[in-house]
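Student: Using the hints provided, position chain V relative to the given structure of chain X.
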Amino acid sequence: MSDVADRVRKIVVEHLGVEEDKVTETASFIDDLGADSLDTVELVMAFEEEFGIEIPDDAAETIQTFGDAVKFINGAQ
Amino acid sequence: MRRVVVTGLGLVTPLADGVEKSWERILDCQSGAGKITGFDPSKVTTQYACEVPLGDGTDGTFNADKYMDPKEQRKVDTFIMFGMAAAQQAIEDAGWMPEDRESLERTGVLMGSGIGGLNSIANTAVMMAEKGPRRVSPFFVPGALINLISGQVSIKYGFRGPNHAVVTACSTGAHAIGDASRLIQHGDADVMVAGGAEAAICEIGIAGFNACKALSTKYNDDPAKASRPWDEDRDGFVMGEGSGMVVLEEYEHAKARGAKIYAEVLGYGLSGDAHHITAPPPDHEGAERAMRAACRNAGIEPTQIDYVNAHGTSTMADTIELGAVERLVGPEAAAKLTMSSTKSATGHLLGAAGAIEAIFSILAIRDQVAPPTINLDNPAVETKIDLCANAKRERKIDIALSNSFGFGGTNASVVFGKVT
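Protein sequence lines, in the order shown, are assigned to chains X and V. The opening position of the first sequence corresponds to residue 1 in full-length UniProt numbering, with each subsequent residue numbered one higher. The opening position of the second sequence corresponds to residue 1 in full-length UniProt numbering, with each subsequent residue numbered one higher.
The shape of chain X in the complex, shown without the other chains (with noise of 0.2 angstroms):
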C-alpha cells in the first residue's frame, strides 16, 4: 500500500512540479495541484507505465485525487 503510494506520489511531483507535501490523499490534480486536462491523461499514462496496467477511458475519468489514483491502482493490481 505505501509503496503504491510513494511511487504515484513521485510521479505526481514529477509531472506537475508541486511539492511533495501538497500531494496529500484529498488533493485534486486539477483544482488544487494546477494540472489541466492534457496534464491529467499524461499522468494517467505515467500510472500505466509504472505500474504495468492499463486504465480504460472510463476508469480515468474517475480519478481525480491523489487518493482516487491509488486506490483504483491497489485495486487493479
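Worth double-checking, as some hints may not be accurate.
[Claimed, not checked] No more than 30 angstroms apart at the CA atoms, straight line, and that leaves these computed lysine-lysine pairs for DSBU-like: (1) X:K71 to X:K10; (2) V:K418 to V:K21; (3) X:K22 to V:K71; (4) X:K10 to V:K66; (5) V:K225 to V:K43; (6) V:K336 to V:K396; (7) V:K71 to V:K21; (8) V:K156 to X:K10; (9) V:K75 to X:K71; (10) X:K71 to V:K71; (11) X:K10 to V:K71; (12) V:K131 to V:K43; (13) V:K75 to X:K22; (14) V:K21 to V:K66; (15) V:K156 to X:K22; (16) V:K75 to X:K10; (17) V:K260 to V:K418; (18) X:K71 to V:K131; (19) V:K392 to V:K260; (20) V:K131 to X:K10; (21) V:K66 to V:K35; (22) X:K22 to V:K66; (23) V:K260 to V:K21.
Everything labelled a hint here was simulated from the structure, so no lab data went into it.
Tutor: Coordinates of chain V only, in the frame set by chain X:
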C-alpha cells in the same frame, strides 16, 4: 500609410544566447560550428552543425530555465523553447508588457518555423513503434505544431491580437517579419512580436538534408571552416538552430510611449520562382523581383541600399544571388555596396534564418558596421560588390536589405532604414 518601427530584439544563436553577445562574436569573426553533440552523429554523413551552446546561462550559454518552468519545458519541442526565449528577450527589450485589455488586444504574434517539431515527431514515431499508440503523450501534438510558438507567447503575455504563423522553409523568418509589418500598416494591430525559430539538428534532420545534397560534407575535421559563402571551396550549408524575434510597432505608438527605436521597416517584397522544389533558376530572377518589390514598397531606388545581408547559404546558389543583386543595383552602385553572409558564422537556421538576419541588418544600421563573411578566402567569382571578407566593415549604413529564399521557390526581401 502607418509606419512600422522595430523596438525590441531577441536572439538565440549558435554564437550565443542574447543579442549583444551574438553580435559581438559575429563582428569578431567567430564561428558557431562544431561537431554535433545533441545526438550521436556517427551514422550520418555530415557530423557537424551550428548548435546553440547550452549551459548555465553565463558567458552566452543558453539555459532554458531562464525562460520556461522546467515542468513546461518537457511539453514542448526545442524549437518552441528557443522561440519563447527570443520572444521574451525582445518583449523585455521593448519594455512592452501592457496589462490593460485594449493594449493586449492591439498586440499580436506572428512566428514561424521551417520544419517545427521534427525531433519530437521522429522520437514519438519510434516510441509508438515500440510501445504502441496508447503511449503517445497528450503534449505531442501541441508541442510539435509550428504555430504553437505564437500560441505559447500569446498565452504567456496575454497578447490577444492577431495570432498567426508562417511556414515557408528558409524564408519563414523574413516572411513573418514582413507580414507582421503589413498587419500593423493595415491597422490590424499596433504591436506585433514576429520572427522564426528552428531546432532541426537531429539525426533525421541531418539525414534528410544530406539526402537532398544540400549540406556541407567535406569538413568533418574542421567544422569552423565549413560555412564559406561565395568561396571556391564551399560545398553546401551547415545546419544551425536557434531563434530571432523582433517587436514591431506602429511609429506613433512607439514615439508616444518613448520606446527605443532601432530602425524602420521600410519595405517588403515577395515572389515565387515556379521552377524547382529545391533549386533556384540559373538567373534567380525571382530573387531580383522580390528585392525590386521591397525597394518599390520602401519608396527607394535599389542604388540607395548600403548593405545587403545575403541569403548566402554556402551553396552553389550564392553566386546566383550575387548576380541578381548586381543586376538590381547596376555596376555603379555595386562598387559602393557591401554585402555579407552571416551564415558563415551562424550556419543556416532555416526558418529562423530570415529573422536573425533581419536583426543583424538592424544592428548593422544601429552600429554603422557590416558584419563579416568569414572563411571567404578564395572568392569563386569576381565582383565589384564588397563581400566583407573575413573582417567587419565600418561604414555608413542608412538602408539595409535582408534576403531569404526557401525550398519551393519562395523568396522574401525586407528593407530596413535608419529612423531620422
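Student: All the hints need checking, so say for each whether the structure fits it.
Tutor: Right, here's what the structure says about each hint:
1. Annotation: proposed proximity of K71 (chain X) to K10 (chain X) holds, straight-line Cα distance about 16 angstroms (limit 30 angstroms).
2. In summary, the hint linking K418 (chain V) to K21 (chain V) is supported, as the alpha carbons are separated by about 22 angstroms, within the 30 angstroms threshold.
3. Annotation: proposed proximity of K22 (chain X) to K71 (chain V) holds, straight-line Cα distance about 16 angstroms (limit 30 angstroms).
4. Simply put, K10 (chain X) and K66 (chain V) have alpha-carbon atoms about 25 angstroms apart, close enough for the 30 angstroms limit, and the pair holds.
5. Restraint check for K225 (chain V) and K43 (chain V): satisfied, since their Cα atoms lie roughly 22 angstroms apart, inside the 30 angstroms limit.
6. A threshold of 30 angstroms between alpha carbons decides the hint, and for K336 (chain V) with K396 (chain V) the separation of about 11 angstroms falls inside it, so the pair holds.
7. Among the hinted pairs, K71 (chain V) with K21 (chain V) is consistent with the structure: their alpha-carbon atoms are about 28 angstroms apart, no more than 30 angstroms.
8. Between the alpha carbons of K156 (chain V) and K10 (chain X) the distance comes to roughly 28 angstroms, so the proposed pair stays at or under 30 angstroms and holds.
9. Pair hint K75 (chain V) plus K71 (chain X) holds up; C-alpha atoms about 28 angstroms apart against a cutoff of 30 angstroms.
10. For the given pair, K71 (chain X) sits about 26 angstroms from K71 (chain V) by alpha-carbon distance, which is consistent with the 30 angstroms threshold.
11. Restraint check for K10 (chain X) and K71 (chain V): satisfied, since their Cα atoms lie roughly 14 angstroms apart, inside the 30 angstroms limit.
12. With a CA separation close to 25 angstroms, the supplied pair K131 (chain V) and K43 (chain V) stays within the 30 angstroms bound.
13. For the hint pairing K75 (chain V) with K22 (chain X), the CA-to-CA distance comes to about 22 angstroms; that is within 30 angstroms, so the pair holds.
14. Taken as a hint, the K21 (chain V) and K66 (chain V) pair is honoured in the structure, with Cα atoms around 16 angstroms apart against an allowance of 30 angstroms.
15. Of the pairs offered as hints, the one joining K156 (chain V) and K22 (chain X) holds, with about 25 angstroms between alpha carbons and a cut-off of 30 angstroms not exceeded.
16. For the given pair, K75 (chain V) sits about 18 angstroms from K10 (chain X) by alpha-carbon distance, which is consistent with the 30 angstroms threshold.
17. Under the criterion of a C-alpha separation no larger than 30 angstroms, the hint pairing K260 (chain V) with K418 (chain V) is consistent with the structure, at around 13 angstroms.
18. Proximity of K71 (chain X) to K131 (chain V) is assessed by CA-CA distance (about 26 angstroms); at most 30 angstroms being required, the pair is judged to hold.
19. With a C-alpha separation of about 25 angstroms, the suggested pairing of K392 (chain V) with K260 (chain V) holds against the 30 angstroms cut-off.
20. A hinted pair counts as satisfied when its Cα atoms are at most 30 angstroms apart, and K131 (chain V) with K10 (chain X) qualifies at roughly 23 angstroms.
21. Restraint check: the Cα-Cα separation between K66 (chain V) and K35 (chain V) comes to about 26 angstroms, which is no more than 30 angstroms; the hinted pair holds.
22. The suggested pairing of K22 (chain X) with K66 (chain V) holds, with an alpha-carbon distance near 25 angstroms, which does not exceed 30 angstroms.
23. A threshold of 30 angstroms between alpha carbons decides the hint, and for K260 (chain V) with K21 (chain V) the separation of about 19 angstroms falls inside it, so the pair holds.
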